[in-house]
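Student: So the chains spell out like this:
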Amino acid sequence: MERRRERIDRGIKVRAGDVFALCSWREMLYLVAPRLIPILGFLLLPLVLGTYWQKVLLSVAVFALLAISWDILAQSGMISLGQALFFGLGAYCSGILNHTFGWHPLLALPAATLLGGLISTACLLPVLRLRGVYFSMVTLIIPLMLVRVVEATKVFGGTEGLSGIAPLPSKWIELYLIVGVLLAALFGFRRMLDSDYGLVLKGIKDNDRSVTNAGINIYWFKTQALFIASSIGALAGAFMTHVYMFVGMPVFALDYSILPIAAAVVGGPGTLAGATLGAVILVPLSEALRGIGGLRIVFYGCFLVVFIVALPEGIFHYVQRKYHQFERWVEVE
Amino acid sequence: MGAGVLLRLDSLYKNFGGIQAVTDLSFELAQGELLGLIGPNGSGKTTAVNLITGFVKPSKGAVVYRGRTISGLAPHAVVRLGISRTFQMVKPFYQLPAYKNMIIPLYSPRVKQLVGGRYGDRDAVALDLLEEVGFERDAQVAYKSAAVLPQGYLKRLELAKAMALRPDLIILDELFSGLSLAEVASIVPIIEKLRKEGKTIIMIEHRLKELFRIADRIVVLNFGQKIAEGRAEDVMASEDVKKAYLGVES
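Chains A and B supply the protein sequences, listed in that same order.
First residue of the first sequence? That's 0 in numbering that gives the first Met the number 0, and the numbers climb one at a time after it.
First residue of the second sequence? That's 0 in numbering that gives the first Met the number 0, and the numbers climb one at a time after it.
Careful, some of the hints might be misleading.
Stated by the list, open to error - In silico DSSO-like links for lysine-lysine, alpha-carbon gap of 27 Å or less:
1. B:Lys-208 to B:Lys-192
2. B:Lys-99 to A:Lys-321
3. B:Lys-111 to A:Lys-204
These are calculated hints, taken from the structure and not from any lab test.
All chains should be modelled from the sequences, with the hints used to inform the complete structure.
Tutor: Now the structure itself:
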């Protein structure tokens, strides 16, 4: 007698799929818990962490934003290898607005978000027609080119960068600003991707001809997705400029391109929550491994490989499935 | 151009590298007509459709729709003028339920324009349209994931997607291929209903028997050229057509 594993949706999941006919606190909690845990976690953590780990939390939030930005692009069929472009442009915009024009950080930050988003979108607009790996290659190259431009032309402080940039008013504003932005981006853009608008974006990834054939200009939708994603990345960069009180060539570093992808892949792409979860795991792990010196990157790499082999769907999808379904073995004739 | 002419192909040429896919193709289509476009494999039928819908640009010649040259327009712009098509290879969004597959065409600017700037409840419209093409509402077929639907339903879904755009001209690219006789028989009334609503239709088909029963006029292509045009029985009596289809020397 052969056996096979059967997966069954939990009753509450089936009912909650469409109509909220809930009859107990337990069922309410079932729906609310997955949202409440990250919200409370992010809001309470700054209060209990020490100064060092508060900085790590900032880093987690920034990389989570970059990973969300990557995931939105990936959902729309654009695999980016250059989140550093968005990050770097946002960082330089905010730095210049504050350093050269004397704008207050709380003003420079939103301005740099929009400006960085606009410039990034303009940079990639000519290559929107490229698909797959060709688009990826261009996104990889542009930030590397910009580094050399800054170095060679010595604009914006050249290799020295711009220092003496004003910080945000207080440590708490810093922490809760970025955590708030992260939660808003996570839940807001998740909702967007679940809407009919999001369906069109995902449609472009799956079958762009079919979307074109519906009379929809896919390049216009891709441009919108690109602007949204690059603005999120620019915001992360602009924020870090005011945390470091410095902006320079390292903002275009490969780390800002690669780590968000690792976070999204380990966490589970396609949900934004997975990308956030990935950043929550990978950034502190990278910090914790700092103690072992040069071998850090090796351990980090091994961890990534093990995860990707063992859970190719990503942690979030795995946990989500376990949460919504139970499994049992049934006998097959 | 006559008063009732909806679409005119004006001496279209298309070559891909050295291959002449379409050569000097011209025909007209009257409002409300059902035109059958037939020909052996590789005769340029799908290229002709791609030329009309803007997916490929002609090397020479023009496509004129309602008196306006549309060759050179982007495909999405052509759809906005009221031309929609189905694809030979159905490629739905497999992970989505059938009715969610309808959301993208219902999100189209054309639909928004036609309903006066508001989209309304797209899910409900999607379910109605799917019922019209034979997704039994009682059996809840529309809620099933496209991945588990048989070919017959996927073809209907493709047709429903084209209908969702409320087109004036529908181009059906081998809608019947891969379907059983019974399935074809159940789709024919839907096409007849579209005609009664005044839609103009171009059908590319290999299922000639079924096509001839509903088509007003047939255009036959071979090696990218039009070799015959007219009523079904006249076309099939043509020696050129017999030669192209059967390879019979006259």
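Student: All hints, please: hold or fail.
Tutor: Verification of the hints:
no.	hint	in the structure
1	B:Lys-208 to B:Lys-192	holds (19 Å)
2	B:Lys-99 to A:Lys-321	holds (25 Å)
3	B:Lys-111 to A:Lys-204	holds (23 Å)
Consistency note: the structure conflicts with none of the earlier hints.
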